[in-house]
Amino acid sequence: MSPPIAEILLGLRTGVCTNSQLGALGACVFFIGALAYIRASSLGRKLPPGPRGIPLLGNVLQVPTAHLATYFRVLCKKYGGIVSLNLLGTTVIVIGDGALAKELMDKRSAKYSGRPVEPYMSRYADPDEKYWGFSNPGETFRLGRKLANQVMAGVRAGRSHSLHRYESMLTLQHIIEKPTGWYHHIDRFATSMIVSAMFGVRFTTGKEKTMMDIVQLNDEFGLSISNAASIINIFPFLDYIPGPMPWRRRAAEFRKKEETVYANLARQAIEGENSSIENWAQYFAGKDNDNGDHRELLNLFAIAAAHSTATGLQVFVLACMCHQEWIRPAQAQIDAVVGPTRLPNFSDREKMPYIEAVCREVLRWRPAARFGIPHKATADDIVQYNGKEYYIPKDSTVIGVPWIIEHDPVFYPDPDTFKPERWLDANGQLREDYSTTAFGWGRRTCPGSPFAERSLWINVVLWLWTFDIGRAPGYNYVSDDSAFLPDFGTAPKPFPAIFKLRSTQHEMIAKQEWQESEKDLAALLPMPKAS
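If you're matching positions, the sequence shown starts at 39 in our numbering and goes up one per residue.
Where hints are given, some of them may not hold.
[Stated by the list, open to error] Computed list of lysine-lysine pairs in DSBU-like fashion (alpha-carbon distance at most 30 Å, straight line):
id, residue 1, residue 2
1, K432, K115
2, K294, K245
3, K247, K295
4, K414, K432
5, K414, K84
6, K294, K247
7, K245, K557
8, K245, K216
9, K245, K295
10, K557, K538
11, K414, K116
12, K140, K457
13, K84, K115
14, K184, K145
15, K84, K426
16, K531, K295
17, K457, K115
I should point out that these hints are in silico values taken from the structure, not numbers from a laboratory.
Because the structure is a prediction, the values reported are computed rather than measured.
Generate the whole structure from the sequences, applying the supplied hints.
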């Protein structure tokens with residue numbers, strides 16, 4: 039008789055397993071793999087093409103642990119715009135065709151709005167689904183999205199413009215004072231901007247303990263949603279091992295720190311020293327009911343907004359290093375609209391299509407989430423592609439890859455070149471056929487995109503008005519994988535850049551407008567009261 043599973047798992051934990059236990063474990067793995075294979079071959083229906091795997095493991099040993107987007111790009115170049123992988127019995131569908139991604143995840147979003155939530159995340163790091171954007175559709179997801187859309191309606195109406203301008207002007211002062219610290223100044227802006235809106239708390243130096251705690255939590259969260267977070271994401275049955283396993287300890291530490299940091303911020307925002315400021319926490323708290331504290335649904339914003347904003351601005355600076363020919367035309371348009379006697383502001387935005395094109399190109403050239411955020415098929419589906427019919431099984435992980443779609447040479451000639459002109463028509467006006475995959479698809483489209491887009495635009499236009507942004511002598515600038523961190527967000531690694539003031543007058547105007555600007559956060563962030 040095979041030994042009980044508990045004895046097998048205890049043996050794995052202690053490192054002492056008998057031959058019979060190992061044999062039983064191998065049989066279990068074989069049985070699970072066989073079932074997965076039979077399911078994938080259900081009724082002879084054909085999966086999309088993909089690389090041949092090995093028995094039981096499938097393609098898991100072929101998939102790299104870093105720079106997944108580049109690996110997916112290679113697969114799609116070889117097999118076409120839809121590819122299938124088998125990762126330990128889980129079918130993964132990779133989509134590198136923009137029209138197909140739109141068809142499935144926009145038009146058929148009812149079938150593709152699930153999330154393949156990993157065991158580490160769902161059981162330990164976020165069992166309460168506070169990070170609702172990464173949970174499966176349900177009451178928490180619907181409520182979080184509803185409240186987020188209500189807040190973003192205010193952003194679209196311009197209610198955050200004063201705060202955006204304040205934080206970007208402070209960043210401008212920081213770069214003037216210490217231009218070599220530009221990378222850190224971006225991190226400060228991105229974190230302070232969203233936390234100010236959420237809780238009425240600003241970070242003026244970027245060295246505040248609470249800000250450092252949030253940055254650390256964001257990094258840990260980025261790991262938590264990946265397969266690399268824990269071995270139980272690859273071998274879920276190992277979670278039956280009793281006791282204080284490493285993944286349980288790490289998740290407990292994450293949750294304790296997260297609850298402490300965000301609970302303190304929410305308390306300040308709603309009951310404490312910042313309660314006079316109309317912030318998002320107050321708005322969410324006004325929607326509380328017997329089913330829960332909706333302030334916790336805000337936590338997702340601190341992760342998503344800070345990451346996408348910082349990455350976008352870092353990519354903008356990298357584009358200034360690698361492709362400098364577009365900078366002068368951009369500055370020429372700013373100078374023609376604004377002149378040398380004041381800083382640009384949001385009222386100038388519609389008059390500067392070239393700057394809008396620069397921001398669009400930032401999102402296309404090196405997207406913040408290059409390999410995409412996975413969806414899950416909630417039902418079996420059949421897809422037609424290039425005259426062939428393919429089967430997508432229920433519970434498949436489905437990934438639309440922005441890195442591939444936004445670099446399709448059919449739609450974006452010379453795709454690796456940063457070229458804002460691709461977004462303009464023959465008259466220099468913005469093309470009307472604009473679309474982007476930077477913020478996802480369908481019901482999973484990032485609701486915070488208006489906030490992120492405004493954060494990108496105001497900094498880009500202020501920096502181009504104030505500085506000539508150039509290369510550091512002797513540094514070899516590249517924009518391939520080696521220039522990017524190998525994590526979930528694929529942000530650029532720190533690199534040197536020269537921020538040189540365009541003139542003493544530009545410096546004087548920047549400092550003067552900062553001195554005269556509104557700095558009272560209560561006046562900068564009016565939010566609608568919760569009904």
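When you check the alpha-carbon spacing of K184 and K145, does it fall within 30 Å?
holds, 20 Å
Restraint check for K294 with K245, where alpha carbons must lie at most 30 Å apart
holds, 22 Å
For K245 and K216, compute the direct alpha-carbon distance and say whether it is at most 30 Å.
Distance ~15 Å between K245 and K216 Cα, so the pair holds.
Do the alpha carbons of K457 and K115 lie within 30 Å of each other, as the hint requires?
holds, 23 Å
Run the distance test for K414 versus K84: straight-line Cα separation, threshold 30 Å.
holds, 19 Å
Hey, K245 versus K295, does the alpha-carbon distance stay inside 30 Å?
Judged against 30 Å, a Cα distance of about 18 Å means the pair holds.
What's the verdict on K84 and K115, does the C-alpha distance respect the 30 Å limit or exceed it?
Given that 30 Å is the threshold and the Cα spacing comes to 20 Å, the pair holds.
Is K414 close enough to K116, meaning Cα to Cα at most 30 Å?
holds, 24 Å
Restraint status (C-alpha distance of K245 to K557 at most 30 Å):
Given that 30 Å is the threshold and the Cα spacing comes to 20 Å, the pair holds.
With a cut-off of 30 Å on the C-alpha distance, tell me whether K432 and K115 pass.
Distance ~26 Å between K432 and K115 Cα, so the pair holds.
Does the alpha-carbon distance linking K84 and K426 stay inside the 30 Å limit?
With Cα atoms ~10 Å apart, K84 and K426 stay inside 30 Å; holds.
Regarding the pair K531 and K295, is the alpha-carbon distance no greater than 30 Å?
With a Cα-Cα distance of about 26 Å, the restraint between K531 and K295 holds, given a limit of 30 Å.
Checked against the numbered hints given earlier, this structure breaks none of them.
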